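Chains A and B are the protein sequences, given in the same order.
Residue numbers for the first sequence follow the numbering used here, beginning at 1 and rising by one.
Residue numbers for the second sequence follow the numbering used here, beginning at 1 and rising by one.
No lab work stands behind these hints, which were simulated from the structure alone.
Just so you know, not all the hints are guaranteed correct.
Simulated coverage check for chain A against chain B, where a stretch passes if three residues somewhere in it have a Cβ under 8 Å from a Cβ of chain B [unchecked claim]:
1. 77-85
2. 91-105
3. 137-145
4. 268-275
Restraint ranges, calculated between C-beta atoms of paired labels, are given here [what the hints assert, rightly or not]:
5. A79(B) <-> D130(A): 37 to 43 Å
6. E89(A) <-> T304(B): 45 to 51 Å
7. I73(A) <-> L160(B): 20 to 26 Å
8. K27(B) <-> L158(A): 58 to 64 Å
9. A212(B) <-> D130(A): 39 to 45 Å
10. S152(B) <-> L38(A): 32 to 38 Å
11. T83(B) <-> T216(A): 22 to 28 Å
12. I40(B) <-> A77(A): 52 to 58 Å
13. L280(A) <-> F72(B): 48 to 54 Å
14. T83(B) <-> G88(A): 28 to 34 Å
15. T83(B) <-> R288(A): 50 to 56 Å
16. D204(B) <-> I73(A): 30 to 36 Å
Please read all numbers here as calculations on a predicted model, not as lab measurements.
The beta carbon of each residue, even a glycine, is placed where N, CA and C say it ideally should be.
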Amino acid sequence: MTDIGVLDRPVTRTATSAADRKRRTGRQRRLRRWAWGLPLWLLAVLFLAPFAWMLSTSLKRNVDAYVVPMQWIPDPAQWSNYLTVLVGENSLLPAFGNSIFVAAFRVAGELITATMAGYAFARLKFRGRDKVFLIYLATAIIPSQLLLVPRFVYFQQLGLYDSLWALILPGMFTVLGTFLMRQFFVSQPAEFAEAARMDGAGEWQIFSRVYLPLATPVMAALGILAFVWSWNDYETPLVLISDPANYTLPLSLTNFTDEQGAISPGLAMAASTVSIIPVLIVFLLLQRRFIQAMTHTGIK
Amino acid sequence: MTATTVAHEVSVAKPGRQRRADVSQPKGWVGWMFIAPNLIGVVAFTLIPLISVVALSMSKWNLVSGLGGIRFVGLDNFAGVLTDPGFWNATLRTVIYAGLSVPLTVLLGLGLAMALNRDIPGRAALRVIFFLPYVVTVVAIGMIWLMLMNPSAGLVNQALRGLGLEQVPGWFASSHWGLPALIVIAIWSGVGYTATIYLSALQDAPTHLYEAAAMDGAGAWTRFRTITWPSVLPTTVFLLVTLFIGASQGFGLIALITAGGPGDATTVVSYYMYQNGFQFYRFGYAAAIGMVTFVGVLILTLLTWRAQRGRSLHD
Numbered sequence: 001m002t003d004i005g006v007l008d009r010p011v012t013r014t015a016t017s018a019a020d021r022k023r024r025t026g027r028q029r030r031l032r033r034w035a036w037g038l039p040l041w042l043l044a045v046l047f048l049a050p051f052a053w054m055l056s057t058s059l060k061r062n063v064d065a066y067v068v069p070m071q072w073i074p075d076p077a078q079w080s081n082y083l084t085v086l087v088g089e090n091s092l093l094p095a096f097g098n099s100i101f102v103a104a105f106r107v108a109g110e111l112i113t114a115t116m117a118g119y120a121f122a123r124l125k126f127r128g129r130d131k132v133f134l135i136y137l138a139t140a141i142i143p144s145q146l147l148l149v150p151r152f153v154y155f156q157q158l159g160l161y162d163s164l165w166a167l168i169l170p171g172m173f174t175v176l177g178t179f180l181m182r183q184f185f186v187s188q189p190a191e192f193a194e195a196a197r198m199d200g201a202g203e204w205q206i207f208s209r210v211y212l213p214l215a216t217p218v219m220a221a222l223g224i225l226a227f228v229w230s231w232n233d234y235e236t237p238l239v240l241i242s243d244p245a246n247y248t249l250p251l252s253l254t255n256f257t258d259e260q261g262a263i264s265p266g267l268a269m270a271a272s273t274v275s276i277i278p279v280l281i282v283f284l285l286l287q288r289r290f291i292q293a294m295t296h297t298g299i300k
Numbered sequence: 001m002t003a004t005t006v007a008h009e010v011s012v013a014k015p016g017r018q019r020r021a022d023v024s025q026p027k028g029w030v031g032w033m034f035i036a037p038n039l040i041g042v043v044a045f046t047l048i049p050l051i052s053v054v055a056l057s058m059s060k061w062n063l064v065s066g067l068g069g070i071r072f073v074g075l076d077n078f079a080g081v082l083t084d085p086g087f088w089n090a091t092l093r094t095v096i097y098a099g100l101s102v103p104l105t106v107l108l109g110l111g112l113a114m115a116l117n118r119d120i121p122g123r124a125a126l127r128v129i130f131f132l133p134y135v136v137t138v139v140a141i142g143m144i145w146l147m148l149m150n151p152s153a154g155l156v157n158q159a160l161r162g163l164g165l166e167q168v169p170g171w172f173a174s175s176h177w178g179l180p181a182l183i184v185i186a187i188w189s190g191v192g193y194t195a196t197i198y199l200s201a202l203q204d205a206p207t208h209l210y211e212a213a214a215m216d217g218a219g220a221w222t223r224f225r226t227i228t229w230p231s232v233l234p235t236t237v238f239l240l241v242t243l244f245i246g247a248s249q250g251f252g253l254i255a256l257i258t259a260g261g262p263g264d265a266t267t268v269v270s271y272y273m274y275q276n277g278f279q280f281y282r283f284g285y286a287a288a289i290g291m292v293t294f295v296g297v298l299i300l301t302l303l304t305w306r307a308q309r310g311r312s313l314h315d
């Protein structure tokens, strides 16, 4: 679980014996590397083209967005697009603030509650534990979209409809986060707790002083996942938020387009770029841990 | 720092002492205290909505009449859904959309992962690039592709014309090309994810079997069929199941790009549910659609799981 280098292990799987490999000269080897590398890099360029197009269009005047043939380097570069989306009529800044507010509570809440619950499910024995865990298991496969209709009705009754708390609360208490943390704590030795108990440590001390420090890499991974999910969620606010003052970033992006995508290509792409930046920074800085969390929430 | 020191001292202190049965576990209520914060929230915001979706699906209710106007109608909504041509048309479109996009995303992801698992220049960077669309919000992705696929001046059709194609697709403006366009976007944004999951499975694949197979002179296809494929089969099943559930439930991209159109050409079943609930305010009916779809997907999941049982290398 904590072996974050697992994806970077050098490849040993090529079907060549050691003797065979020795015979091969450096030049042949390089050629072989590029024989696979070149098509993959071409594919990667194709893959990145939509994002390159986004960046390019974000610096164009609306009249230039659809000029044929396409100009990759905008001339003149319309830097004012960014100023407009940040401080103009449909400024992104309030939505930016809302997104940060929602993400902060969701990440903190999920980390605290999932870590405690995951620890208890893994390391403590108590009556009814396995029954509760079975209910958690059954809930885990329920897609969030199935819950949108009842959550809408429910939050309406609670007076939380059209409030940021309607986005925050379900995200603070998650079954998936609890699973991820439980999987980690299950792999930790029980001897730590037994020894600490004999030394007279309380249960909270054993959790917070002994096991919690060991869990920080997994908590970091869960935190990143929770942040990205929260930041990108579109369907939940689409259904539960109506006042533009409560828009999160994905909703506020739609201010710059309509069903035909006709309103303003330059502004829409500048706004998209701005909204992607935070998640891109988090992802690029912590991508190993992120990918590790992805693979571990999925299988194993 | 101090905390890790405690852990260290504690583990060192252990061997010298006698183990007593009554200290090996705390009192029962302690565990409940630890799960309480999460459990209360899960009950309040997931379990209660989950139970009410069942209740809602058996009632007729709209927003205007308030909670007092809720009427129990038994299985009427389900009968209505199952005899609703709109529902079955939407289901057919979902089957086409998910049935093409999911297997393609999974298979292309496996191919990509096998290529990325080789010794190639810039592997780490390549993995990040292919994964990138997965961390971008569906709204940005939708807006980018909507403009890229603009029928007259979009970059995609410019490229197709450049390749000599005279009849270029109308994409979202055409009732024939709307679904294929959504499938293209789904593959582009999902293949990096499936490749990433496969990569970690491939690195657990049994190296000694490949060496043995190579010594026996087995060709690339034989090695793939007899070693790689069985060893990644559990991953394949996992990806198929989770992606099918995702593809049958998600409606964000469609709500954003096509609103189900033109006409109802891209109204898949999840969007049909969204329309009934949040545009026509037929909450009971929408809840019934959600439940019927979910049960359908669940049955498919079980069948998939049964079909692969016993064929994996790790079983």
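Hints, verified against the model:
Counting residues of the segment 77-85 of chain A whose C-beta lies closer than 8 Å to any C-beta of chain B gives 0; at least three are required, and the coverage claim is violated. Figure legend: the segment 91-105 of chain A, annotated as covered by chain B; annotation inconsistent (0 residues with Cβ-Cβ distances under 8 Å, at least 3 required). Interface restraint, the segment 137-145 of chain A with chain B: holds (6 residues with C-beta to C-beta distance below 8 Å; minimum three). Counting residues of the segment 268-275 of chain A whose CB lies closer than 8 Å to any CB of chain B gives 4, which reaches the minimum of 3, so the coverage claim holds.
As the Cβ distance of A79(B) to D130(A) is approximately 38 Å, the hint placing it in 37 to 43 Å holds. Taking the beta carbon of each, E89(A) and T304(B) are about 50 Å apart, inside 45 to 51 Å as hinted. The beta-carbon spacing between I73(A) and L160(B), approximately 23 Å, falls within the hinted interval of 20 to 26 Å. Checked against the hint of 58 to 64 Å, the C-beta distance between K27(B) and L158(A) comes to roughly 35 Å, which is inconsistent with it.
Remark: the range hint 39 to 45 Å for A212(B) to D130(A) is upheld by a beta-carbon distance near 42 Å. Roughly 34 Å separates the CB atoms of S152(B) and L38(A), a value that falls within the hinted 32 to 38 Å. In this structure the supplied range 22 to 28 Å is violated for T83(B) paired with T216(A), their Cβ-Cβ distance being about 55 Å. Separation of I40(B) from A77(A) is about 53 Å and conforms to the stated range, judged on CB atoms against 52 to 58 Å.
Between L280(A) and F72(B) the CB atoms are about 50 Å apart, so this pair conforms to the stated range of 48 to 54 Å. For the pair T83(B) and G88(A), the supplied restraint of 28 to 34 Å is violated, since their beta-carbon distance comes to about 50 Å. The hinted window of 50 to 56 Å between T83(B) and R288(A) holds, with their beta carbons roughly 52 Å apart. Between D204(B) and I73(A), the C-beta spacing of about 45 Å breaks the proposed range 30 to 36 Å.
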